[in-house]
Each structure stands twice: as C-alpha cells, then as structure tokens.
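Generate coordinates for the entire structure from the input sequences, incorporating the hints supplied.
Protein chains in written order, with this note's numbering: chain A, 438 to 660; chain B, 438 to 660; chain C, 438 to 660; chain D, 438 to 660.
It is possible that some hints are incorrect.
Put simply, identical chains are the same to the list, so a pair is met inside one copy or across any two.
List time: in silico BS3-like cross-link candidates among lysine-lysine, alpha-carbon distance up to 27 Å [stated by the list, open to error]:
1. Lys607 with Lys549
2. Lys650 with Lys627
3. Lys610 with Lys627
4. Lys464 with Lys627
5. Lys549 with Lys457
6. Lys457 with Lys645
7. Lys650 with Lys457
8. Lys627 with Lys607
These are calculated hints, taken from the structure and not from any lab test.
Protein chains: 4
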Amino acid sequence: MSKTPIIILNYKTYVESTGKNAVQLSKYVQEASEESGINMAIAPQAVDLYPIINEVDIPVYSQHMDAITPGGHTGSTLPEAIKETGVTGTLINHSEQRLTIADIDAVVEKTKDLELTSVLCTNNVKTSAAAASFNPDYIAIEPPELIGTGIPVSQANPEIVENTVNEIHKINKEINVLCGAGISTGEDMKAALELGSQGVLLASGIIKADDQKQALLDLVSLI
Amino acid sequence: MSKTPIIILNYKTYVESTGKNAVQLSKYVQEASEESGINMAIAPQAVDLYPIINEVDIPVYSQHMDAITPGGHTGSTLPEAIKETGVTGTLINHSEQRLTIADIDAVVEKTKDLELTSVLCTNNVKTSAAAASFNPDYIAIEPPELIGTGIPVSQANPEIVENTVNEIHKINKEINVLCGAGISTGEDMKAALELGSQGVLLASGIIKADDQKQALLDLVSLI
Amino acid sequence: MSKTPIIILNYKTYVESTGKNAVQLSKYVQEASEESGINMAIAPQAVDLYPIINEVDIPVYSQHMDAITPGGHTGSTLPEAIKETGVTGTLINHSEQRLTIADIDAVVEKTKDLELTSVLCTNNVKTSAAAASFNPDYIAIEPPELIGTGIPVSQANPEIVENTVNEIHKINKEINVLCGAGISTGEDMKAALELGSQGVLLASGIIKADDQKQALLDLVSLI
Amino acid sequence: MSKTPIIILNYKTYVESTGKNAVQLSKYVQEASEESGINMAIAPQAVDLYPIINEVDIPVYSQHMDAITPGGHTGSTLPEAIKETGVTGTLINHSEQRLTIADIDAVVEKTKDLELTSVLCTNNVKTSAAAASFNPDYIAIEPPELIGTGIPVSQANPEIVENTVNEIHKINKEINVLCGAGISTGEDMKAALELGSQGVLLASGIIKADDQKQALLDLVSLI
Numbered sequence: 438m439s440k441t442p443i444i445i446l447n448y449k450t451y452v453e454s455t456g457k458n459a460v461q462l463s464k465y466v467q468e469a470s471e472e473s474g475i476n477m478a479i480a481p482q483a484v485d486l487y488p489i490i491n492e493v494d495i496p497v498y499s500q501h502m503d504a505i506t507p508g509g510h511t512g513s514t515l516p517e518a519i520k521e522t523g524v525t526g527t528l529i530n531h532s533e534q535r536l537t538i539a540d541i542d543a544v545v546e547k548t549k550d551l552e553l554t555s556v557l558c559t560n561n562v563k564t565s566a567a568a569a570s571f572n573p574d575y576i577a578i579e580p581p582e583l584i585g586t587g588i589p590v591s592q593a594n595p596e597i598v599e600n601t602v603n604e605i606h607k608i609n610k611e612i613n614v615l616c617g618a619g620i621s622t623g624e625d626m627k628a629a630l631e632l633g634s635q636g637v638l639l640a641s642g643i644i645k646a647d648d649q650k651q652a653l654l655d656l657v658s659l660i
Numbered sequence: 438m439s440k441t442p443i444i445i446l447n448y449k450t451y452v453e454s455t456g457k458n459a460v461q462l463s464k465y466v467q468e469a470s471e472e473s474g475i476n477m478a479i480a481p482q483a484v485d486l487y488p489i490i491n492e493v494d495i496p497v498y499s500q501h502m503d504a505i506t507p508g509g510h511t512g513s514t515l516p517e518a519i520k521e522t523g524v525t526g527t528l529i530n531h532s533e534q535r536l537t538i539a540d541i542d543a544v545v546e547k548t549k550d551l552e553l554t555s556v557l558c559t560n561n562v563k564t565s566a567a568a569a570s571f572n573p574d575y576i577a578i579e580p581p582e583l584i585g586t587g588i589p590v591s592q593a594n595p596e597i598v599e600n601t602v603n604e605i606h607k608i609n610k611e612i613n614v615l616c617g618a619g620i621s622t623g624e625d626m627k628a629a630l631e632l633g634s635q636g637v638l639l640a641s642g643i644i645k646a647d648d649q650k651q652a653l654l655d656l657v658s659l660i
Numbered sequence: 438m439s440k441t442p443i444i445i446l447n448y449k450t451y452v453e454s455t456g457k458n459a460v461q462l463s464k465y466v467q468e469a470s471e472e473s474g475i476n477m478a479i480a481p482q483a484v485d486l487y488p489i490i491n492e493v494d495i496p497v498y499s500q501h502m503d504a505i506t507p508g509g510h511t512g513s514t515l516p517e518a519i520k521e522t523g524v525t526g527t528l529i530n531h532s533e534q535r536l537t538i539a540d541i542d543a544v545v546e547k548t549k550d551l552e553l554t555s556v557l558c559t560n561n562v563k564t565s566a567a568a569a570s571f572n573p574d575y576i577a578i579e580p581p582e583l584i585g586t587g588i589p590v591s592q593a594n595p596e597i598v599e600n601t602v603n604e605i606h607k608i609n610k611e612i613n614v615l616c617g618a619g620i621s622t623g624e625d626m627k628a629a630l631e632l633g634s635q636g637v638l639l640a641s642g643i644i645k646a647d648d649q650k651q652a653l654l655d656l657v658s659l660i
Numbered sequence: 438m439s440k441t442p443i444i445i446l447n448y449k450t451y452v453e454s455t456g457k458n459a460v461q462l463s464k465y466v467q468e469a470s471e472e473s474g475i476n477m478a479i480a481p482q483a484v485d486l487y488p489i490i491n492e493v494d495i496p497v498y499s500q501h502m503d504a505i506t507p508g509g510h511t512g513s514t515l516p517e518a519i520k521e522t523g524v525t526g527t528l529i530n531h532s533e534q535r536l537t538i539a540d541i542d543a544v545v546e547k548t549k550d551l552e553l554t555s556v557l558c559t560n561n562v563k564t565s566a567a568a569a570s571f572n573p574d575y576i577a578i579e580p581p582e583l584i585g586t587g588i589p590v591s592q593a594n595p596e597i598v599e600n601t602v603n604e605i606h607k608i609n610k611e612i613n614v615l616c617g618a619g620i621s622t623g624e625d626m627k628a629a630l631e632l633g634s635q636g637v638l639l640a641s642g643i644i645k646a647d648d649q650k651q652a653l654l655d656l657v658s659l660i
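See the structure below:
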C-alpha cells in the first residue's frame, strides 16, 4: 500500500485532464506535492496511464477496474493490464461507474492478488459500513447530493464523515477514510482531516482551476 | 479512412495480447503484414494503445469508444482521449460491448468529427441493414452462434455473408463488409472474400496460436 | 395490428398512473376515446396490466419487453407473460429503457411471433431510418432534447418529423410514425398529424393534468 | 414481516411458472403448505402478481424492485406499484438481477418504508457480511458456482452456510439466513436447516418437476 495519499485527484474525462493536458497536469501535481511535502496521487483515464507513469513519480491510480478475468471481453479493462502499467492502485465503484456488490468483492480481492491499493467509493454511512466488510485500503465517501455543488461534505454534513469513520472502524480499524464531494478550499481540506478522514478525493475544483498547481497548494495551505 | 484492412485482429483481453505481450504481438502482425503484402490492423485494449503505437507502424484501432462528451465520466473512455493516442479508428458495438441504437449513432458521428475509421459490429442481416443507416466505414458481421466455435461464418452460413453485403449495399455502396466469427484458416479467409466481404475481424484463432506470426501468414496464404 | 391508435398514453411510473390510480385513469381514457371517437391506447406498468385489462376495453400496451426466452431471468419481463395478459402490443426501446440493436431485432421479431403490435421508439432521423429495417408497426420519434420541456417536436423542429416520415417510408411505407416529446395541446396534436405522423406518444402532459379526461379531450379537439 | 417462510419458490421466467401456469402452481404451493404445515412463499413475475394474489393465501414476494422514485422510468418496477398488489415482500439483488451497493441500500430502505419483507440475495460469505449492514429481514446465499448444478450448497460447501450465518449474526442477530442453489431433495432441505439457515430459496428443482406439489412435499418430508 502507498503512504496515506492525503489527496487523490480524479481526472475523470475532462479535456483539461486528457492526453497531453493530463501529462502536464500530472507534472503540476508532482511539483505541488514536492513543494508542500504533502502526498498527492492522481487517477487518469486508462488510456493515459502509460504516458503519465513514464513522466512523473507520484502514485498513479486507475479510475476503474472491470471484474473480469483474461478472455473475451472486448472494450473492458483487464486488471492485469492495469497492473502492468505500473499503477499504485485503483478507484473502485466510483459513483460514475458503480459495480454490483459481487463485483466489488471480486475487484477488491483482485487488487490484493495484484498488490494494488484499493480505494472503494461509497455514498453514505451504511454503504460505507458494508464496504468495510471487503477490507479495502481506503473508503472514499462521496454523498451524491453534494457532488459538483461546491459545498464540502465536511461543512454540509460533518456528522456523516465522523459517523462513517466510526462505523468503518467498528469493522476494521486499518481502513483509511477519504472524504469526497465538494472539497475545493484549504478550509474544506482542514475540516475533512479534523473530522477523522485521512485525506480527500477530488476532481473539478482543481482540474477546472485557472492555475491548477496553485489550487493544489491552496488546498493544503492550512494543514 | 485507412486502406481496406483485410484483417483486423481484435486483442480482446487475453493475457497473450495484454501489456508487453501486446507490444510483441503487434510486431509480429507488422512483420506478417510486410512479408505478405496484406494490410493488417490491430485492436488492443485502451490501456495499451500508447505503448503499441510508439512501437509499430500498422493501423491501430480502439476496441470501444463510449458515447460521452468531456466531463464527469470516471472510468469511461473519452473519444478525444482515444483520438489523441494516434489510432486509425475504433470498433463500435462489439458483441462483448453492445451499445444502444442512440449511442451507436452518437459514436459513429463522433468518429466522423474526429476523422477516425469506424468498424461497426453486427450480428445478422437485419441489424447489418439497420447499421448501414449510420454510414460507418466498415460493418463487421459476427453471428453470435458461431463466435468461438471455430466454424467460420463463410462455411456454416455462406448466404448470411452474401445477404449482408447485398442489404448493406442497397443502403450505401461505399460501406465495406468484414466477416467475423470462426475464421482461422487460409480457406476460411479465401471464402470470406469470395462471398463479397473485404476482409475479416478475428481474435482467438490467431492470438492463441503457438506461432502467432505464422498463423497470420497461413491465414492469407490463399489470397 | 390494432387500428391506428392516434394517441398512446405512456403511464411511466407516476403515482397518478400506478395501481388504483392507473385503473381509474384508464377509465377516463376510455371515456375520452368514446366521446371523441378518437382511438386512444395506454401503456401501464407491467404489474398493472391485468387489473387494467380486466376493467377497460381500449388497446393496452406494455412499456417494455425484455429480449429473453423462458428460463432463469429473475426480475425480467418475459414476452410470453406480457402476451398472456391480453395486451395489444408493446413499446420497445423507450428512451428510459434503451436496448442494444441486437435486442431490438430480437424483441421486434418476438412481437411478430406473438402477434403483438410493436411501437419502436427512436430519438432522431437517423436512428428512425435504422429502426425501419426491423419493420415494426410503429416508430415513435422523441428527440431527447425536447422530452419534458413542454415544447412539442412539431413546433421546435417540424422538419425532424417530416424527414423522419420520409426516411422511414423510403425503407417501408407500411410503418406508421408517431410523434413524441412535448405534445400537450390540441394545436400540438394537429401539427403532429399535419407533418405526416399518424399520432402521438405522450405522458406527463396528460397524467399530471388536474382533469386528465378533459386534457385528452382538449388534445383531440382540433382534429 | 411474515413468519419465517422456510421455503421461497422463485418462479423466475419459466413457462411452467408464467400466467395461468403460475396461478395453478401457486395453488399447488398453497396445498403443499397446508398439508405439511410448513410455511411456503412464492416469487412470481411482476406481471403475474395481481392474478396470483387474488387466488391464493400464501406469502407472495416480488422478484425485484427498482431503486426508483415515482416519475419518468418507463419499463421499470416502481416499489409503490409492487406494494399495492398486496405482496408480503420482495427479493433484492438476485444473481440474475444484480444491483449496485447504493441501490441495494435504497431498495432495502424502501422496503422498510413500505413495510415489506426484504430478502437480500448474496453469493458468498463476504458479500453476506456486507449485506448484513443493510439490516434486511433475510439474506439468501446462493454460491454462483452451484446454481443449476443440482448440487446443494449444504453438501458441496457446508462451511459456507455456517460461516455465512456466523458472519451475519456478528453484525445483526435478527437477520434470518436462507440457503439457495442446488436444493431439491428432502435431505438437502434438512441439511440446510441443520447448518443454521432458516429455510431455502429455490426454483427449477420444483418448477420443472413432473409433480410440483409432490416435489414440495418431498422437500419438507424430513423436517
């Protein structure tokens, strides 16, 4: 498992985080991480993993991994193919790419076989408790009602973060919790950590910023 | 649009066509193409597109393209990201990655905007006629009852190839037809061309061969 | 095939068109049909088909039919089970329940075997032309950008209706065209027919009306 | 919540359990239940719920419930529509109709609001533990490798049943466990109960029997 990443930047499928832009953005993330001393990781599209891993030296995650074994699965993402790029780990069950409960189990198991770090995304306290049964390395909670609102979960609903941490740790104290949805400022970041999370999963707040590197530095300025 | 590819090798998600193996296989395909003078193209997993395109000089296709525009689509394959790898085109609607009719329309249109060659997969005469309304560059017909059987469509059901070609050409004479499912020998290949197709889409027959390059040379030995 | 239905009311999953409300609404539709002399049909949820068919004597359609054959498909809708309720036909490929092109083919064929009327939904001129290759009884075009806007397709984009009718009739002159999305007034209805359609497929404009029966009578008041 | 059902017969989409056949089968189940004194419940297709509930007086479950609220969801199964039929409860997340973890949470919550009994299906010990976090009334474990084999889970893999019961009861002792996959004889049934389950979920072993009622009586003959 990688060091606590504190920040995972999900590149999604924005133009600003695709292809050459993705490589450039990854260099900014590396610079921001080195200047601040805070661990920062990235999750680019599958197609961009190789060129980015060739250019930067920060933890890189896949955005998704299909619950498939080698064979006839045209257009899918084979776990072994993802592993071979040199990634650190993968997001699993992001709200934009939900899996069935049987597939979550299969993919988390597969990350263990492949020695990849697993970041399992959930949407509330109860699904986080369920997710803890699979013993992923991280659980990233993103209440869907806050995604894209600019309202951080740590402010709109601080008890959801605390309750999530508590419920998860009842089942397995080793699981780290990340806080997603609405995080964009240094104060959001600080609040997220004070509520018991070990970091944040975020996207558009940084990717769409005029100065992406500065936005990252601002994000970690109060911790 | 690329020259008639005659042969498109779909890498699917086999171990033999993933990562370093995929790069090596691509070199064999290039050698077989150069030695035989027959145009051969490949369709690797999205994650392997960059390393392969860096190493070989044959037409490379994506296996799939999601009907999405830039934005929040974690884990999906953005058409613009695929384009930027340098691919020639993409498979669309493979039997292992079916699309809705509205999405087929959207993706074929997108390939035209991006100047990519479209290979639209279908399963019978009627869906091929419907597919022709979208004016893709190629229609690849793969009767599902033959996939993986080793029985070539050109032998099991020769009239399906002829009828498909006829029905498609009633709507648009410019569309090339590829023949899929069960093709593995030189005789299958010859029969496929005699029935009016311009080439074949194939996978395991070559990928699982002990000598992949020789299997390709055998495949084109009678044409 | 039933008489040209002129109007098909899609009950979707509104409270106002579920259970006892659905039975009551169906009686209003029958009364409006009898009073106006205009053929009106309904498409309730699968679960409500039997109680409605027991109570009214107008054409009843299923909202959907899965592309399955008898066997292990827990939670799906078997075509034979739908047929046995006594329905006249089924909607296929509604924008809220899209099918792959292979499944559209299979379901339209199944409706022919079962002697059910098929109403195949599409979203633009090109997908309508593709849909015509399957020879359904009706094609209902609903441009997604107009759904739920209250702006009728016949007004926002009249040429889409005319072009759809033309393209469909190039392939098969027997196919009737229905116009969907945004229809709610007598003028919308009149325009839809003048543009070459044989009727309309509509939902919330009637279902959410304070007086559902009067809304139907208003809808047909100018024809 | 209904009494412990001991036996839930999933009608799936077999011809033998569709339409009039489904009504007749339901009468046989009621007779077998009355003669044996064992509680037996059934899960027919949504379309057949009303006619069956009108004819028999045993607990009836829906096979599935979509995670939707009233609105525009053509072709889906609204929870409120299912409730209004008079069902006792619903299966959730059957292996032939898997849900995302967020949707499982939403549907189980919905069954509580609607006062319906929830039977949440799982495939192994770990997903059963995760499922327990949602506090359904029943968890039915069906190892996919045994489905349709005729080999009962209680015989092929007895410890999976015991471990599932143990893991579930660590989280919530109130949850009843059902055993699925491969159960068809009285000995299978007896073993399933001895391993700690409160009953079985089964399908083809009974539905495809020449004498369905006798097959049910045999099933409970040793308990």
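How the hints compare with the structure:
In this homomeric assembly, Lys607 and Lys549 come within 27 Å of each other (Cα to Cα) both inside a single copy, at 22 Å, and across copies, at 24 Å. Taking the shortest alpha-carbon separations for Lys650 and Lys627, only the intra-copy value of 18 Å comes in at or below 27 Å, while the best inter-copy value is 58 Å. For a Cα distance limit of 27 Å, the shortest separation of Lys610 from Lys627 inside one copy, 22 Å, qualifies, whereas the shortest one across copies, 39 Å, does not. Within a single copy, Lys464 and Lys627 get their C-alpha atoms as close as 24 Å, which meets the 27 Å cut-off; across copies the closest is 51 Å, which misses it.
For a Cα distance limit of 27 Å, the shortest separation of Lys549 from Lys457 across copies, 22 Å, qualifies, whereas the shortest one inside one copy, 31 Å, does not. In this assembly of identical chains, Lys457 and Lys645 lie within 27 Å of each other by CA distance solely inside one copy; the values are 16 Å within and 35 Å between copies. Taking identical chains as interchangeable, the C-alpha atoms of Lys650 and Lys457 lie at most 27 Å apart only when both belong to the same chain, with a minimum of 16 Å there against 34 Å between chains. Taking identical chains as interchangeable, the C-alpha atoms of Lys627 and Lys607 lie at most 27 Å apart only when both belong to the same chain, with a minimum of 24 Å there against 35 Å between chains.
In summary, this structure violates none of the numbered hints.
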